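Protein sequence lines correspond, in order, to chains A and B. Start counting the first sequence at 1; every next residue gets the next number (the numbering used here). Start counting the second sequence at 1001; every next residue gets the next number (the numbering used here).
Worth flagging that the hints you see were computed from the coordinates, not collected in a lab. Keep in mind that this is a model prediction, so the values were computed, not measured. Treat the hints loosely; a few may be bogus.
[Unchecked claim] Where chain A lies over chain B, by a calculated footprint (3+ residues, C-beta under 8 Å):
1. 1037-1046
2. 1103-1109
3. 1119-1128
The beta-carbon is built from N, C-alpha and C at its ideal position, and this holds for glycine as well.
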Amino acid sequence: MEEKVLMKGNEALAEGAIQAGCLHYFGYPITPQTEIAAYMAKRMPKVGGVFLQAESEVAAINMVYGVSAAGKRVMTSSSSPGISLKSEGISYLAGSDLPAVIVNVQRCSPGLGGIQPSQADYFQATRGGGHGDYHMLVFTPATVQEMADLVAKAFDLADKYLMPAMVLSDGTLGQMMEPVTVRRVEETHYEKPWALTGTKMQRSHNVITSLNLNSEAFDKQIFDRFERYKKIEETEALWEELSMEDAEICVTAFGITARVVKKAVAIARREGIKVGMIRPLTVWPFPKKVFADAAERVNSFISVEMSMGQMIEDVKLSIDCKKPVYLCNHAGGIIPTFEEVLAKIREVGGAK
Amino acid sequence: MKTVFEKPKSLLDVPMHYCPGCTHGIIHRLIAEAIDELQIEGRTIGVAPVGCAVMAYDYFACDFIESAHGRAPAVATGLKRAEPSNIIFTYQGDGDLASIGMAETVHAAARNENITIVFVNNAIYGMTGGQMAPTTLPGQVTQTSPYGRDVELCGYPIRVCEMLSQVEGAGYLERVAVNSVKHVIQAKKAIKKAFQNQIDGKGFSMIEFLSSCPTNWGMNADDALKWVEDAMIPQYPLGVFKDRAAQEGK
């Protein structure tokens, strides 16, 4: 699939996963991510892979747990309420140091919410979501191309660091069509001596468990895992910067809202306002350093979100609250318009 | 000298944590004997439950994974789909399989998933200290049914084999007990058949073991075995509830 084709975000992501070597997918229908399951149902039998529609999101994530334990690349996808159901299983994956990719095509919540796009699962994604001390790698695509590219990245880093990874998308990105090139990704080979392949009477048994009843051993296990997290935070954050060289205002957004911000920043620049943008492509690890550095130069920050303000907390933490951080948002269902973002930039620019 | 009795090779030489008089140990042994006789230890992977057998992985020599409560059939599905030539079995209690994990159980059966399920029914939640289970008998006293299970208030016990026998996909269902030598010998045949079914690609096989819990039933070991005979078996009759291959003449 080297040529450019017109694809929905959900389908590009699904094909991207297959091209990254994922031959096992388990899903359950929920709007607005169902195209992923439908695509996998059609494609997996043709590439010798496994598609199975599970009886629930809970079952799907536990099937993922089984395949991952067997040492193979595996993915599941859902949308906000379904991710809540998967959260127990994600905690088990993290607690057992197992790699897997989980896709959240976010919709409005809490509760059943709505089926319109949202970014209100940011806390759930970046703070773990399930019970206990753990993190997931969290990638935030903003284009259909990035849906395909970042899912491949998610598989690679999940294997590298032995932890679950999430692609945090939304209903707009999932449903919209754009030209995309889905390339075969050369898989880095990671040894998996821990995998449950059967002993073949050649080795002692492998055991995968998140149970650890010895408090000292448990303490050490969590501290060791967080050493790994620290290394990831230092080396694996991804972001895009736009017009930040001489910026006095830094606007930040991830995913679909960042596209709106891009346009607002371009117009504001033409008006002579020195404004730039930082767009995280990973929100865990959060690109803290680039924000901390920016705080030395800019006067203020604006966080544009489709939530009541969740990423804004990471911005404030990253800059140690050294500069004011303003919020420009809708609760979900309504993508902030470039006029709204522009108005906020003008307001903040004039207020300095 | 001829060896006439020894520890199965697929059981590790470690002390078990189960209470005195509990029949988990017998059931573990029967599974291990079947694995040895079928020579499948090297390609067998077990799935442990949440419950008394949560640390079953410490006792078996084959690869093992610990599942979330009730999710073992889903985890087993993942392991089997990842490598169909491996032999996958789950080991689950009544709370795990018939309460919180009922959906996973029914749907694995509906898919005729080619796995083996060991269902240990002792009519009580053991590890958490003796609460009412989905299989607790009417009138049975537990920590959460202190006046006896009132069926008007909390419903009737579920007969899992009978229920699953109505699921078209389910391959093989048998209920056994391990409270007497005769029953242990029958149980051994059943579990071996369940593994053989998987080797032969016959699909979902579940063996329900009626098991004793002297600690939480508040009985000595002997009385507990008698209670299996006198109270449990009348509620949960032994036998084969479904043998799809035999029905279809295969």
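Verification of the hints:
1. Check on the stretch 1037-1046 of chain B: 5 of its residues sit with their Cβ under 8 Å from a Cβ of chain A, so the three-residue criterion for coverage holds.
2. Figure legend: the stretch 1103-1109 of chain B, annotated as covered by chain A; annotation consistent (4 residues with Cβ-Cβ distances under 8 Å, at least 3 required).
3. Under a criterion of three residues with beta carbons nearer than 8 Å to beta carbons of chain A, the stated coverage of the stretch 1119-1128 of chain B fails, only 0 such residues being counted.
Hint 3 from the earlier list is the only one contradicted by this structure; the remaining hints agree with it.
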